[in-house]
Amino acid sequence: MATAVGSRSRSGRNLRTWGAAGLFMLPALGLYALFVLFPIVQAARYSLFDWNGLEPLDQFVGLANFERALTDPTFLGAVNHNAVIVVLTLAIQIPIAIGLALMLNRRFRGRAILRLIFFAPYVIAEVITAIVWSLLLQPDGLTEHFLTAIGLGGVYAPWLADPDTVLLALFFVITWKYFGFHMILLLAGLQGIPREVEEAAAIDGASRWQGIRHVTLPLLGPTIRVSVFLSIIGSLQLFDLVWVTTRGGPVNASNTMAVYMFDRGFVRFQFGYGSAVAVILFLMCFVVALAYQRWVMRRDMEGATTYG
Amino acid sequence: MAEPSAAREVVSVVERGAAPRPGARIRVGALAVSVLRYVVLLVVVAIVVVPVAYAVLGGFRDAPQLAADPVGLPDPWVWTNYTDSLTSASFWMQLRNSGIVAGLSTVVVVLFSALAAFVLARREFPGRELAYTVFTLGLLFPATVAILPLLILVRDLGLLDNPLGLALPEAAFGLPLTIIILRPFFRSVPKELEDAAAIDGCGSLGFFFRILLPLSRPALVTVAVLAIVSSWNQFLLPLVMLSDADNWTLPLGVTNFSTQYTTDTARILAYTTLALIPALAFYLVAERQLVGGLTAGSVKG
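Protein sequence lines, in the order shown, are assigned to chains S and E.
Everything in the first sequence is counted per the working numbering, starting at 119 for the first residue and increasing by one.
Everything in the second sequence is counted per the working numbering, starting at 41 for the first residue and increasing by one.
Be a bit skeptical, because a hint or two may be false.
Stated by the list, open to error - Pairwise CB distance ranges (calculated): (1) D201(E) - H263(S): 53 to 61 Å; (2) A285(E) - L172(S): 55 to 63 Å; (3) Y301(E) - Q328(S): 54 to 62 Å; (4) V174(E) - H263(S): 51 to 59 Å; (5) R227(S) - R328(E): 15 to 23 Å; (6) I87(E) - L172(S): 44 to 52 Å; (7) E232(E) - L172(S): 57 to 65 Å; (8) P368(S) - Y301(E): 49 to 57 Å; (9) P166(E) - V414(S): 41 to 49 Å; (10) F264(S) - R250(E): 54 to 62 Å; (11) P230(E) - R227(S): 33 to 41 Å; (12) V83(E) - Q328(S): 22 to 30 Å; (13) L197(E) - P368(S): 57 to 65 Å.
To be verified - If you only want the chain S side, here are some residues facing chain E, beta carbon under 8 Å, derived: (14) A201; (15) L234; (16) P276.
Derived by calculation from the structure, the hints in this document are not laboratory data.
Note that the structure is predicted; figures quoted are calculated from it, not measured.
For each residue, glycine too, the CB sits at the ideal point set by N, CA and C.
Please work from the sequences and hints to get the whole structure.
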């Protein structure tokens, strides 16, 4: 009796639910198609026109906007700055997050509150982060006074105003805001590693460092790869923080692709050209994501998608 | 806040380590590692806490005090920066606008995602995995990439300077992450429950609203918290969609305030602090859900 009901309802679920499934998905699909998919298609279309966003869309220019972007030193500089941020993030921010996650992955008093504090900057808006750090780093601000007080006054320079250091300064602020997020992800990954494995390594005579190097980190691999992936995508789309602190300056030294796009599109009303930049940015993210998932994350795709 | 207990722990480690016992060399090594760990952690705590403390305390000073010594404590404590902002209409208006937009976008994204995640998790139909993949692809393009056509679209819909013009795109771009978090959760609800409900005459919709959603409350709270935080901090969309200052959200208001009063750092700090408080308060209340949401997959992964 029970099986009959079960099988009937199961087959019923399979056959009748196409319509029902569609109905359940309709609101999400509609919203998604309208505000996510459609604008991306539109960006591709606008990118082929010379357009200021107001007049009729009739100045077809083919791929001229793309050619212009790919030969504009300012845009190429912006691409380069995004690349620098990606490299710095992977080389410095992620290792810091891994180190802190390893430190916090053992029971000691104060651990919960440390976790709470380290993650807090993640919930602070980039805008607020940008304003506070601009004030902290400006000449005669807290940073300069602090460095002077500990005898390192000569180290200070107005980093955000110097084309040579502005990217490093922004990277520092980015790290301040996001290291806690990666630490939390990695900490969750660490907690998924059975203690027994590490204990077994210790019993076999591995030192703590060897244990970390040869047992913990490889097992943490999937989480590290997710962290790396999110960092790359995030770094490629960097906008708020740069816009509020420097607007891409001084002399374009901290321009990113998104800042460049915003400036050309909304400040100079070159909607067609701005859309071409958006398409390039989109393609870069897409290619990076596909390549990364194809070559690096292959085996932990399931896990990766559930991390978000 | 962490210092006292952390310091106590160092002391207790030192006491334990100092107790004479055999194998003292290992103990000394372990002690050094422990101390080093606390030193590193405390430095990081300082780097995280000092900017926030500087903003909060700086708001209680005035421009001459800050100019004379940016490091010191308020002396005397100046309340006018905070009271001026708290009595200004614009601060409350921005707070309200941010709240309305966050509320709208959260309700939409959670409800729509839950409906979609339900069939994506518990029904079999052709094209299901394709639909899921299309949603997950959305993770790759946040609103930044589509911002120019989004403005045109929202303008054509007549939603410029309207909370819906922000809330709907925010909800749309929030769908991927929300569906990704909800699907495994919905899937883990046992089939037997649904069969039992069906026997009792409960259709799909009834099961969804009366059984699945109540059972999934932790996951729903988690995605709601994520949606609120991301809407609350959103900057680019309001920057583009809102021109009338009466409709500004807090991030816009704060940036504008900071460019308007460039010379009065203390006022900026007070306003920034006030804008920061709701987010931090919310974080303290919902930390578990927020962290749980972001790391939910890691246990399964």
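Hint check:
One distance hint, 53 to 61 Å for the beta-carbon pair D201(E) and H263(S), is violated here, with the actual separation near 43 Å. Remark: the range hint 55 to 63 Å for A285(E) to L172(S) is contradicted by a beta-carbon distance near 23 Å. A C-beta distance of roughly 56 Å is found between Y301(E) and Q328(S), which places it inside the suggested range of 54 to 62 Å. V174(E) and H263(S) have their C-beta atoms about 53 Å apart, which keeps the hinted 51 to 59 Å range intact.
Judged by the Cβ atoms, the range 15 to 23 Å given for R227(S) and R328(E) holds: they are separated by roughly 20 Å. Our hint of 44 to 52 Å for I87(E) and L172(S) holds, since their Cβ atoms are close to 47 Å apart. E232(E) and L172(S) have their C-beta atoms about 60 Å apart, which keeps the hinted 57 to 65 Å range intact. In this structure the hint that P368(S) and Y301(E) lie 49 to 57 Å apart at CB is violated, the actual value being about 22 Å.
With their beta carbons about 31 Å apart, P166(E) and V414(S) fall outside the hinted range of 41 to 49 Å. Checked against the given bound of 54 to 62 Å, the beta carbons of F264(S) and R250(E), roughly 59 Å apart, stay inside it. For P230(E) paired with R227(S), a C-beta distance near 40 Å keeps the hint of 33 to 41 Å intact. Separation of V83(E) from Q328(S) is about 27 Å and conforms to the stated range, judged on CB atoms against 22 to 30 Å.
A hinted range of 57 to 65 Å for the beta carbons of L197(E) and P368(S) is inconsistent with their spacing of about 39 Å. With a least beta-carbon distance of about 17 Å to chain E, the hint placing A201(S) at the interface is violated under the 8 Å criterion. At about 6 Å, the closest approach between the beta carbon of L234(S) and any beta carbon in chain E falls short of 8 Å, and the interface hint on this residue holds. Hint on P276(S) is violated. Least Cβ distance to chain E is approximately 14 Å, over the 8 Å limit.
Of the hints listed earlier, those the structure fails to meet are numbers 1, 2, 8, 9, 13, 14 and 16, in rising order.
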